[in-house]
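**Q** The residues making up each chain are set out below.
Protein chains: 2
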Amino acid sequence: MNIISGGVCAAKGFQANGIHCGIRHNKTKRDLALIWSEVPAACAGVYTANLVKGAPIAVTKAHIADGRAQAVICNSGNANTCNADGIEVAEKMCELLANEMSMKASDVVVASTGVIGQRLNVEPIAKGIPALVKGLGDHSDFAAEAIMTTDLKKKEIAVSFEIDGVECKIGGIAKGSGMIHPDLATMLVFIITDCAVSAQMLNKALKADVQNTFNMVSVDGDTSTNDTVMVLANGMAGNKEIVSEGPAFDAFMQALNTVTVYLCRCIAGDGEGATKLLECRVSGARSEKDAKAVAKSVICSSLTKAAMFGADANWGRVLCAIGYSGAAVDVEKVEVKFHSAKGDVLVCENGAGVDFSEEKAKEVLLEPAIDIVIDLHDGEGAATAWGCDLTYDYVKINGDYRT
Amino acid sequence: MNIISGGVCAAKGFQANGIHCGIRHNKTKRDLALIWSEVPAACAGVYTANLVKGAPIAVTKAHIADGRAQAVICNSGNANTCNADGIEVAEKMCELLANEMSMKASDVVVASTGVIGQRLNVEPIAKGIPALVKGLGDHSDFAAEAIMTTDLKKKEIAVSFEIDGVECKIGGIAKGSGMIHPDLATMLVFIITDCAVSAQMLNKALKADVQNTFNMVSVDGDTSTNDTVMVLANGMAGNKEIVSEGPAFDAFMQALNTVTVYLCRCIAGDGEGATKLLECRVSGARSEKDAKAVAKSVICSSLTKAAMFGADANWGRVLCAIGYSGAAVDVEKVEVKFHSAKGDVLVCENGAGVDFSEEKAKEVLLEPAIDIVIDLHDGEGAATAWGCDLTYDYVKINGDYRT
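Heads up: the protein sequence lines correspond to chains L and U, in order.
Going by the numbering used here, the first sequence opens with residue 39, and the numbers climb by one from there.
Going by the numbering used here, the second sequence opens with residue 39, and the numbers climb by one from there.
Hints were generated in silico from the structure; no laboratory data involved.
Check before you lean on any hint, since a few could be wrong.
Given that identical chains are not distinguished, each listed pair holds provided it fits within a single copy or across any two copies.
Only pairs whose alpha carbons sit at most 20 Å apart, straight line, appear in this in silico DMTMM-like list of lysine to aspartate or glutamate [unchecked claim]: (1) K67 / E396; (2) K375 / D413; (3) K434 / E405; (4) K242 / E370; (5) K327 / D413; (6) K172 / D416.
This structure is a prediction, so every number in the text was calculated from the model and none was measured.
Take the sequences, apply the hints, and build the full model.
**A** Structural data, given as structure tokens:
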């Protein structure tokens, strides 16, 4: 498996674009994205668990009920959620694109991200679509930019892998960065591949993967109304279609997981206001479920997040978060280490503090990527969760988001 | 029922004190509190649900297993939690006080609050106890100060009420202000009353009350390891002892609830870094459980909290938090209003936004106490939760708490 460039245009038959159509006032910020496959693709999606769901999710669900799609249209700047005419607007977006590209509206996936509860004016989208389509090409970066809201960094990746001697490619783009919490952690993730895989197996792969990836990311504990992870597989790599489990499916799962873990780390590390990526790795739990509960609890603890911002080795807060996680834990066996590029610091053993160098701890915690490594010494369950520190800028960004 | 002064010294037979004994470096900050009853009192307590529990909690539980106590000793500056010798130290604190006051160590309630995982040196406490005892008197305010950590305001209240023509009094002190989350929301609350009530009925009253009070407060989603709510009833008011349900018990419950709701509001409003008290009142839920889930979810939403800090009427975040609360909600019936001393603003009806004056909303939300009023229009269930806004100062306080 190799990391390659190209994002959502890396695989055969996929093109993308992103333009400023006018949903946002800032004319230098692209706000409308398109991803397109030359041929209809197998398609699978997972969505937010929030009862309040964006209108685009209802439309997308209906469109991909047949397991196929050919294009993704996505705007930023407005979530098209909690609006009386939301469904109509989302359907209109699909129709406009389908008309321009001479395809079926039911083969279009639609997504929106931004402010909730303000009507989305379809006019700028209608006016923008001809240019959006005309500019289609090797422009994954334009699409990645167009789906960003408060994200500071574009999030894209692609990898190549082999199935039965045939080279396949898989690539994705994502946007975070606030209102990020299991389940589903991600706001928007679009993954494309030229690997031939049936809609059923694509669905199986995606559902299994998100349990250990996007559902283990938290920026702020708020589960967005519009979270969507979508995978399109157009089969143009020419491998024998994957229709059941086996070595080919495993190879695909591994490539998918490389893409999703990378995007998870991007989303967490670019959390609103974040200065640090936090990764909590739990082992020795009585079950995988317990390990997940502990990892998520630590990554979600505001106090732990604030301590990490301050590079303060206040491990008592980690213990506290373990204790209220709901997991079955023998507190007297717990071991906690902080790890970064600068090394390891053991801070707690057998549930009690150990002497450690505050100077060394500071050095470790001043790094931009911190691992909180927990061994519960009580079983074989393991899990990893991703998050970020809690900073002044998180408050600043969210104290007055709409203005 | 009347609000009176005196805090935990308001009722007959209770005295208190608070001194600086040297656990904290800052000599102007009291760090050791004592509450004492002339006669042994009926006693009931509730504690944190965190699996990681402070050593003082284990000792206190054992001491009040017989339903009686005569004194409360509490230090701030160190939580005596996750320490190998925590139990010994907590027991030593009780013994030292018992020896000084010629009472049984098993009649002493002990509590600690502050940093987790640093050994608590008992020396300054041993040295301080004689002065602590000698200074006992009408000093509820000294005790209230001595239990504070990052609290900015002392939290105390007392009320008088009548049972069968006999005047009784009940008073309490509390400390917040970080690591506050259901269940149990409070860090430390000590309530005293001269009302005669059996230990069993006191326990019943307290357990029922906290479900609607301290378990409905959240500052930051972190459940502390040391949360304790303790009530002592010494019977010196002279009423006929309450040993069963009935009008006298109801009157006591009402007085207790007045004290606890007041202290909940104090704790939430003085949350770490808070500039605003948030009260979320939910009605029209299918059940009380659903109402509680919604109220807690809204009060815990980082995005809602940050919006309130910015006086931004971003009600979409309230809808979002309702949606992921886990409660059974018909999104299309939801109504949301913001309320403060400056009036009401209706922002959402039937699950969709309504036109409102941003100017008026700003005026309402700039007040120091904001009510988020939600009617789910789907039943009779109601609940209230208390929280605070998320501010720069929360991050500052917790970014480097130990130094």
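**Q** As a check of your reading, is K434 near E405 (CA-CA no more than 20 Å) within one copy, between copies, both or neither?
**A** between (23 Å within a copy, 19 Å between copies)
**Q** Could you place K327 and D413 in one of the four classes (within, between, both, neither) given a Cα distance threshold of 20 Å?
**A** within (15 Å within a copy, 35 Å between copies)
**Q** Classify it for me, K172 with D416: is the Cα-Cα distance of at most 20 Å met within a copy, between copies, both or neither?
**A** Classified as neither: same-chain Cα gap 59 Å, cross-chain 49 Å, threshold 20 Å.
**Q** Within a copy, between copies, both or neither: where do K242 and E370 come within 20 Å Cα-Cα?
**A** neither (39 Å within a copy, 32 Å between copies)
**Q** Tell me, please, which holds for K67 and E396 at an alpha-carbon limit of 20 Å: within, between, both or neither?
**A** neither (44 Å within a copy, 26 Å between copies)
**Q** Under a CA distance limit of 20 Å, which applies to K375 and D413: within one copy, between copies, both, or neither?
**A** Intra 9 Å, inter 46 Å, cutoff 20 Å: intra-copy only.
Hint violations for this structure: numbers 1, 4, 6, all remaining hints satisfied.
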